[in-house]
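Construct the complete structure from the given sequences, taking the supplied hints into account.
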Amino acid sequence: MARHKSGGDRLIRLSLLLVALSAISVLAIITIFIFEQGLPIMAKYGLKNFLLGQDWFPSEQSFGLLPMIVGSLLVTLGALVIGVPLGLASAIFLTEFSNRRLSGFLKPVIELLAGIPSVVYGFLGLMFLVPFIRKNFGGPGLSVLAASIILGIMILPTIISIAIDAIRAVPDSYREGSIALGATRWQTVRMVVLPAARSGLVAGIILGMGRAIGETMAVIMVAGNAADLPGSLLAPVRTLTSNIALEMAYASGEHRQALFATGVILFVIIMILNFLANLAARKQFRK
Amino acid sequence: MKEKFRLQPRAEQKIVQVFLYFLTSVAVLVLFFILAVILKNGLPQLSLEFLTKNPAHMGREGGIFSTVVATIYLTFIALLVATPLGVGTAIYLTEYTFEGTVTRIIRFGAECLAGIPSIIFGLFGFILFVNKLKFGWSILSGGLTLAFMVLPTIIRTSEEAIKSVPAAYRLVSYSLGSTRWQTVTKVVLPSAAPGIVTGVILSIGRSIGETAAVIFTAGSALHLPSSIFSSARTMSVHFYILAREGISMPKAYGTAAVLVIAILLINIITYYLMGKYIGRSSRS
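If you read the sequences in order, they're chains A and B.
If you use this note's numbering, the first sequence closes out at 587, no skipped numbers anywhere.
If you use this note's numbering, the second sequence closes out at 417, no skipped numbers anywhere.
No lab work stands behind these hints: they were computed from the structure.
Ideal Cβ positions, reconstructed from N, Cα and C, are used throughout, including at glycine.
To spell it out: a stretch of chain B is covered by chain A in this simulated footprint if at least three of its residues, at any positions, have a beta carbon under 8 Å from a beta carbon of chain A; those stretches are:
| id | segment |
| --- | --- |
| 1 | 254-265 |
| 2 | 282-288 |
Mimicking BS3-like on lysine-lysine, the simulated pairs with C-alpha atoms at most 30 Å apart in a straight line are:
| id | chain 1 | residue 1 | chain 2 | residue 2 |
| --- | --- | --- | --- | --- |
| 3 | A | K344 | B | K265 |
| 4 | A | K344 | B | K267 |
| 5 | B | K147 | A | K407 |
Take a look at the structure:
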């Protein structure tokens, strides 16, 4: 273990540490700025009015965000219901049940599709999905359902790509051990590969969830954006993100502060979701 | 009894396989449908003129030249800032420290940052860069905001890539008397390059495609940007405005096609370079 240690090495270590602290510093700065702008107005009108108020009339000092909170959670859940089964199934199929040529071709293609801008998904949702829902299920078409489907499709490449990496990172010796014990391919996948890849799979789903709840422009295009609690899956909905983007351009004074307050609530919800998801990942991993 | 028990897993496997095959087909077909629609409607709009002329009449006429330039500027600034920070962080986390409180805090920070929606980055960039630092709606404000946004992507993918380099490589390098830095730069990073590049590709895609964070930091001015302090409209912001305000669907499809093809080209070029790079390093 007589490793050569020079002053240069120590300097490199120190500079890398400083670089490594950049992410946490950026996080701190963002948090400070958003809260600094959003908290005063929440304190002035009361947290309860923001969280549980159902009326959003910024010009009349009415800042109820409940419809948007519910809206964000609904479309995110919908996106996961659509995106996670499709994404995980695709990743498992491509890594464990298909030949190398097919997965070698499809993985880069899917990764490429992860780069397609979310506005493109929103645009196609507006052109194809919204009229389809209006015609076949009724309602305005601009709806919770449309937003969920578009977001579900949008997060697919993210989930597939990360899940494939996670599954591929499981050493082949695990599979060989399991097969040698007489397990079928599927038993190997279910009992050996997936548990070993679990932290990576959960990371992919968390990232997908984050993309869904944080998506703004695609949702604005297909969700209808009415600031009311949605009565059904076919009703229009406004998310927290849309609320900010729709009104930021012209808001000023307390209205603008209320949009930052929207940002604070979005921020807190995402932190809670991330925390819970990480907790779940760690717990399962320990098993 | 025993035989039944042995047959069941195989039947189960068959069913699962069909089920997985079906779900994969759905996922792949939907994604290909999106690509096909954009190209089918967008390609007829493309011409040299579309790429080299500035938009006129709010984008109803003309091309998208100024938005292409703005997109390139913004993405370049974002990666220039984010890549060294991200790869450096990953090297520190994997090679220069043991798992402990510091690594946990850094990872937690990166994870939280990854979860923050782009619209929050937009709000933040608007307050810090546009207002407080007085950069105004500008390419610089937009580029820095994007850099912060893609930082966690680069950290995460670089870390995964570096972690997947077999420990034996490092041991051999150390046994030959290399320092840690030599091991990192000559052994670990070349082996991890494909993964790191994948992260950078993902980040380029995100930067090019980002709308929410850009529209409030870089603005939406249609003219050709003259410096990093001028306001600019990126392709995706232009596309969003064209489509949402119903200004021109043909131009919207055309812009979308350029966006998608640009991302396609970046990927293909990168895969090509990657193959070459890996080939060389394994030969020498």
